[in-house]
Amino acid sequence: MNRTAKLAAASAVCALTLWAAWGIYSKRSADRVTYTVQRTVDGVELRSYPEVILAETRAPNETIAFRRLFEYISGENQGAAKLSMTTPVRTHTSALSMTTPPRAATDEELVTMGFYLPREYTPAAVPKPTNPTVSLVVEVPRSLAVRSFSLYATEKRTAREKRALLETLAAHEVEVRGEPFLLQYNDPWTPPFMRTNEVAVEIAPQD
Numbered sequence: 038m039n040r041t042a043k044l045a046a047a048s049a050v051c052a053l054t055l056w057a058a059w060g061i062y063s064k065r066s067a068d069r070v071t072y073t074v075q076r077t078v079d080g081v082e083l084r085s086y087p088e089v090i091l092a093e094t095r096a097p098n099e100t101i102a103f104r105r106l107f108e109y110i111s112g113e114n115q116g117a118a119k120l121s122m123t124t125p126v127r128t129h130t131s132a133l134s135m136t137t138p139p140r141a142a143t144d145e146e147l148v149t150m151g152f153y154l155p156r157e158y159t160p161a162a163v164p165k166p167t168n169p170t171v172s173l174v175v176e177v178p179r180s181l182a183v184r185s186f187s188l189y190a191t192e193k194r195t196a197r198e199k200r201a202l203l204e205t206l207a208a209h210e211v212e213v214r215g216e217p218f219l220l221q222y223n224d225p226w227t228p229p230f231m232r233t234n235e236v237a238v239e240i241a242p243q244d
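Per our numbering, the sequence shown starts with residue 38, numbered consecutively.
Certain hints may be false.
Claimed, not checked - Pair by pair, the computed Cβ-Cβ distance ranges are:
#: 1; residue 1: 159; residue 2: 85; range: 12 to 22 Å
#: 2; residue 1: 230; residue 2: 68; range: 22 to 32 Å
#: 3; residue 1: 72; residue 2: 160; range: 16 to 26 Å
#: 4; residue 1: 204; residue 2: 165; range: 36 to 46 Å
#: 5; residue 1: 101; residue 2: 193; range: 18 to 28 Å
#: 6; residue 1: 75; residue 2: 169; range: 33 to 43 Å
These are calculated hints, taken from the structure and not from any lab test. Heads up, the beta-carbon is just placed ideally off N, CA and C, and yes, glycines get one too.
From just these sequences and the hints, can you work out the full model?
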C-alpha cells in the first residue's frame, strides 16, 4: 500500500471513529422518557408509561414537522423559553396504516410528529406555543407494546417492523388499541449502525 492510500485509509478510520464517538455522546446526553417493562414476548416489550406532555404538529412531511417543533423548543413559545430535547421523537403517518391495504398517500394524509417535553413541566406550567400549528398534548398513563430496530427508519423498514409487531401481539393475544407509530432516539448525524428506533402501539393494560 502506497503512502497516499495509507493516509486515505487512516483518514477514513479517524472519521469513522469520530462519527461513532458522536453517536455515543448524543445517546448518553439526551434525556429520555421513562417507562417500566412489564414483560417481553418474542422480542416485543410490553411497557407502562407515566403521564407525559408533547408538543405536537401535523404537516405535509417530516422535515416541516420537525422544524416547527424544534423552533418551539428553541424559544418560539410564550416566554421564549428554551427547552431541552427529550427522546424519542414520535411520528405517525396515516398512509402507513397496517389495518388497510397499502396505497398511495393523499393530500389529506399528514405526518403527525411529537416532541416529548422534559419531565419537570406540568400541564399548567409548560410554555405555550406561539405557532398555531403546534399544540400541546397530555398523554395519560398507558401501556405500549414496543419492537426495537436499528439502521435508518426508512418507510419500507418501518412498515415491515410494524407488521412484525402486530403479528407478534396477535399471536400472544395481546389487545391492540389504535395504530402503530414510530419512535426515534437519535439525531440525524448518528451512524446508522448505532441508531435506535422503535415501532410502538397502545395495548390494553397488563396485569
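Against the structure, the hints come out as follows:
no.	hint	verdict
1	159 / 85: 12 to 22 Å	holds (20 Å)
2	230 / 68: 22 to 32 Å	holds (23 Å)
3	72 / 160: 16 to 26 Å	holds (19 Å)
4	204 / 165: 36 to 46 Å	holds (41 Å)
5	101 / 193: 18 to 28 Å	holds (22 Å)
6	75 / 169: 33 to 43 Å	holds (38 Å)
Checked against the numbered hints above, the structure breaks none of them.
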